[in-house]
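**Q** Going down the list, the sequences are from chains E and D.
Every letter in the first sequence is one number past the one before it in our numbering, and letter 6, counting from 1, is 6.
Every letter in the second sequence is one number past the one before it in our numbering, and letter 40, counting from 1, is 1040.
The set of hints was computed from the structure by calculation and includes no laboratory data.
In this text, a Cβ means the ideal position worked out from N, Cα and C, and glycines have one as well.
It is possible that some hints are incorrect.
[To be verified] Straight-line distance between alpha carbons at most 35 Å, and here's what the computed DSBU-like set of lysine-lysine pairs gives: (1) E/LYS377 to E/LYS264; (2) E/LYS503 to E/LYS116; (3) D/LYS1018 to E/LYS377; (4) E/LYS101 to D/LYS1018.
[What the hints assert, rightly or not] Beta-carbon label-pair distances, calculated as ranges: (5) D/ALA1060 to E/GLY254: 26 to 36 Å; (6) E/GLU394 to D/ALA1060: 23 to 33 Å; (7) E/GLU266 to D/TYR1016: 55 to 65 Å.
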Amino acid sequence: MTDVRYAHVWRKIGPSPRPAIAVEDIPVVIAGAGPVGLAMALDLGRRGHRVTVLTRLDYIAAGSKAICFSKRSLDILDRLGVGDRMVAKGVTWNVGKVFWKDRPDPVYQFDLLPVKDQKRPAFINIQQYHVEELLIEALAALPNVELRWGHEVRDVAPQDGGVRIDVDAAEGGYAIDARWLIACDGNRSPIRQMLGLDFEGRVFEDNFLIADIRITEDRPAERWFWFDPPFNPGKSALFHRQPDDVWRLDFQLGWNIDRDACLKDENVERYIRAMMGPDVAFEKEWYSIYTFQCRRMARFVHGSVIFAGDSAHLVSPFGARGCNGGFADVDNLGWKLDLVLQGADAALLESYNEEAIITADENILNSTRSTDFLTPKSTMSETFRDAVLELAAEHSFARPLVNSGRLSTAISYPGSGLNTPDEDSWDGGIAPGSPALDAPLGDAWLLDGLGDRFTLLRAGGGDAVDGLDVVDLDAPLALSRYGLEAGGAYLIRPDHYVAARWKAPDAAKIDRALVRAKGGG
Amino acid sequence: MSLILTPNLVDPDGIYEKLIALHEGRDEADSQRVNARLILTLINHIGDRATILEAIEVAAGGPKG
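Chain E with its partners taken away, still in its complex shape:
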């Protein structure tokens, strides 16, 4: 999401001291302490690397901002050790309902988690500041990770073997010589601008109003979306539950509006009462107007400077593909940079560039299509949109065409050079380049058994394998989800994507696939 205005302080932290030496040597510097920067620090910090996070702010910003966290993000946060706390705090939901005009019943509803028996739900809703606080708490347990509040990157200059970063802090300026700089500094990315890098895409001419309010009424934890409702004629609206009795109301406003007038409390409250009823009792939590764009950088890796999250790619919020897309970057980059820091060829990072761009492009494609359905750009586009909604209420065939946001799911890289193509013929299972699927293993879960390293997932038992974690499966549901029969195996990457699979592997095949998955193929 872009252009969120009027964000203020959620929790004051205060400026961190300036380091004692004028020029520090630090292997990894992360710019930005939003969810993406913090998760990046947690991933690399848990792998034992010395990481310094620089953030211009000396507080956690208020405003719910990103609220929908996908199953895939929860799986990633599980790997990072914070999934349980996220889910305990969040509101779990799987069901979305789509309403049209004044019809009381939904024209369409969907369940976002069609494959049941997985540890995590399709989504939780949780305010971005809660996510940031949970990540900061987890980072505090890592002595090798340092968060510097109120430290602003002023200049970035590539140099031999890394990058020189000039930093401004309250107590004065200093410099860091970093081997790697990960720019998680948001959609306006100062680092992207300092390096004069591109950020191409499409601007959508529309404004949306967010009204986050506290109400005590009990309403279902579902995503409700309206096309052309009587309380916002000709436009769209969204209603969604967050923790702490906070609800996200979102109203399309149109393009030519007076933003300051629209954001006045009395105007926002007119929208709230129109949707919720004239007598609704509520408290203001956060009001904001946003516009959005779909754009990305041509490359995410620029020498020693690597971009992740909104600094690299932006989408419309319909589909929850912004922050979830950023977590996908973290997941993809963490293990690769870990190997490079341990001495692997830095060429492996080119696969981050490729795979993260595949993810960004799919997210941009989906969010652009949703936006075109939500806000038709021509009379005929609107005619078709309304015909789809009308038919959806009458016949099931039209329901897949209803697009109120295609919500974020894990994205596959079937053509990635890290994959070993199948040599056997598979009926089902999970193809190389796709994410591992969860399944119950007794009282535990399959994904929880995959750690931060490469894992061999086998049907039945076998010997230990050098350099690999091994998980032996015998639960019928898990075996069937992977299409595995006795003797078969999957090679799973540290980000829990399938690298290779075999019906009858041998040590040499596994080794070749491992070399390839580490960028050596």
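With the hints as your guide, set chain D onto chain E.
**A** Okay, now just chain D, sitting in the frame of chain E:
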């Protein structure tokens, strides 16, 4: 399946008559509405992506037009 561009209707005049009758007494917006409903219903029946894309190209005045 590929798009049929040779005569394929059993009763062309009768079907054309029904198509025109669908629009009798409707204003333009309503006609657009039922046309959109008809197109969506038919493309679902066809189902095959390549055939639909070929038809879209023909409608646009493309190569097979």
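**Q** Check each numbered hint against the structure and report the violated ones by number, ascending.
**A** Structure breaks no hint.
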